[in-house]
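Visitor: Now for the letters of each chain:
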Amino acid sequence: MIKVNNLVKVFSGRGKPVRAVDNVSTQVSKGEVVVIIGPSGSGKSTFLRCLNGLEAFDDGQVIIDGVDLGDSKTNINTVRREVGMVFQHFNLFPHKTVLENVTLAQRVVRKRKAAEADEKAMALLTKVGIAEKAHEYPSRLSGGQQQRVAIARALAMDPKVMLFDEPTSALDPEMVGEVLDVMQQLAREGMTMAVVTHEMGFAREVAHRVMFMDAGKILEDAPPMAFFTAPKEPRAQTFLKQVL
Amino acid sequence: MPLKRHPTQWPWHGLLALILLSLAAGLWVATKRVNYEWRWERVPQYFFYQAEDAQSAPVAGTITQIRPDGARSRVDITPANGDQAVSVTVETDTLKVKVGETVAESNDIGAQRHWKIGPLTWGLWVTIWISFVSGFIGLFIGLITGLCRLSPNPTLRGLAVFYIELIRGTPLLVQIFIFYFFIGTVLNLDRIVAGIGALALFVGAYTAEIIRAGIQSIAKGQSEAARSLGMTAAQTMTHIVLPQALKRVLPPLAGQFISLIKDSSLVSVIAITDLTKSGREIITSSFATFEIWFTVALLYLVVTSLLSQLLFWLERRFARSD
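Order-wise, the sequence lines are chains W and G.
In this text, residue positions in the first sequence follow the working numbering: the first is 33, and each later residue adds one.
In this text, residue positions in the second sequence follow the working numbering: the first is 265, and each later residue adds one.
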């Protein structure tokens with residue numbers, strides 16, 4: 033489903049250029065849940081953002097469901113509607129109600145009729161447990177509720193892949209659970225997911241594979257049992273010692 | 265003793281009143297010293313006045329009847345050849361004929377009075393509509409220019425920067441002259457069109473910068489979220505970024521528009537009879553210089569403060585989703 037070959041992303045701001053993603057190759061098959069962990073600044077978010085072209089990568093190849101993102105013939109917008117993304121800071125549209133947040137892209141991008149989009153949106157809002165807030169503005173919702181709306185908004189496009197960029201990092205601790213529950217349910221339903229997170233419990237229980245990134249490279253890629261009990265890399269060992 | 269105290273306010277309000285009163289007193293003394301004679305009673309007629317229209321006999325004949333009709337009178341004139349009587353209505357106090365008199369065609373019978381709009385009202389109207397039209401066009405220009413200013417295309421960006429710098433770096437008065445005497449002559453433009461064009465270009469440059477700032481103030485996450493849903497750059501702009509940006513820049517845009525109403529007084533230099541030009545014209549006939557200028561200032565003040573109130577109300581309405 034996702035295929036990455038020799039991906040390179042260089043940030044060349046002031047000072048010397050930083051290779052945020054340094055020659056990464058991996059793949060994620062259909063229905064697989066991959067959790068990416070690593071210290072901050074290790075390039076895991078940047079790597080995730082390269083997967084739907086939010087970061088323009090410098091070199092390498094990203095192939096989503098057989099479509100090469102870097103190909104000049106590829107329309108990036110048609111790829112993105114197949115790849116849902118959930119952000120750390122939710123990024124709901126504050127000037128639209130919860131329902132409008134979920135229906136807007138359906139109508140504008142998928143060209144669905146209003147009734148169809150509304151129906152789909154309400155079904156998804158019910159699924160994430162927030163249907164009763166459909167006509168509220170996002171500012172009236174708690175962080176956990178907003179993030180669940182953001183997940184519903186991404187799912188409304190019927191994506192083949194879901195990317196989660198630290199979806200619980202900006203939440204109060206008591207709201208983390210409700211978001212992880214939704215994600216876990218998605219994983220059970222067979223959604224292909226790539227998740228950047230610091231929730232080791234989630235990684236252990238839900239992930240099929242755990243990738244450990246540091247300095248732009250994937251240092252370790254193993255099933256959660258193996259990774260959490262016997263990490264091979266010394267860098268991964270110290271990281272786990274600090275977070276667990 | 266609690267840290268939070270409630271200091272007495274009334275002495276300060278009193279001081280404020282005292283300062284304002286002494287300002288007024290100062291003005292009064294100043295006009296006394298130049299022996300200025302106030303003639304405020306001359307001002308109202310420049311808002312509305314009663315015009316007299318002389319009424320003349322449409323046919324030659326004899327006045328057969330005069331019937332009072334309120335403050336007016338109906339005068340029936342029967343032609344000598346025995347045709348149907350023709351009636352003319354005039355104000356009773358202007359009546360110049362009696363029953364039995366014979367009148368020739370187009371003889372004066374009296375006058376009708378009716379209310380007419382005075383030059384101050386007319387000038388105010390011209391100021392308002394010129395400001396609204398040029399403000400509307402300016403908003404449109406500003407929107408386009410603001411978007412071009414942020415365009416990744418160097419040509420569009422360069423043109424926007426050039427236009428903005430050109431307008432912001434030169435005085436409006438000079439722009440109006442250039443627009444009227446140069447562009448107006450080349451393109452054979454009416455003075456009103458030239459005035460509106462100059463004002464619209466002027467306000468457009470400032471609006472462009474306001475809109476650019478508004479767009480840039482919207483968090484990057486908003487457009488990232490929209491783009492990640494597969495929306496194009498244009499869809500993201502129209503559905504996500506612009507609505508939020510416009511809401512945010514409403515206060516500075518309103519300020520710009522209120523400035524425009526005041527700046528529009530400069531078009532009086534190309535002989536557009538706006539409020540300021542009307543004021544100047546009235547002074548030449550009324551000699552009530554101080555009164556007219558104070559009245560003109562007050563009229564601008566009324567329009568701008570009404571607009572402030574309206575925009576304040578709009579802002580609160582838009583704050584719904586916050």
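I should point out that these hints are in silico values taken from the structure, not numbers from a laboratory.
Warning: the hint list may mix true and false statements.
[Stated by the list, open to error] Derived lysine-lysine pairs resembling DSS-like cross-links, with alpha carbons at most 30 Å apart:
hint	chain 1	residue 1	chain 2	residue 2
1	W	K192	G	K484
2	G	K380	W	K145
3	W	K35	G	K511
4	W	K143	W	K159
5	W	K48	G	K511
6	G	K484	W	K165
7	W	K152	G	K484
8	G	K268	W	K143
No experiment lies behind these values; they were computed from the predicted model shown.
Visitor: For this structure, which hints from the list above don't hold up?
Guide: 2, 3, 5, 8
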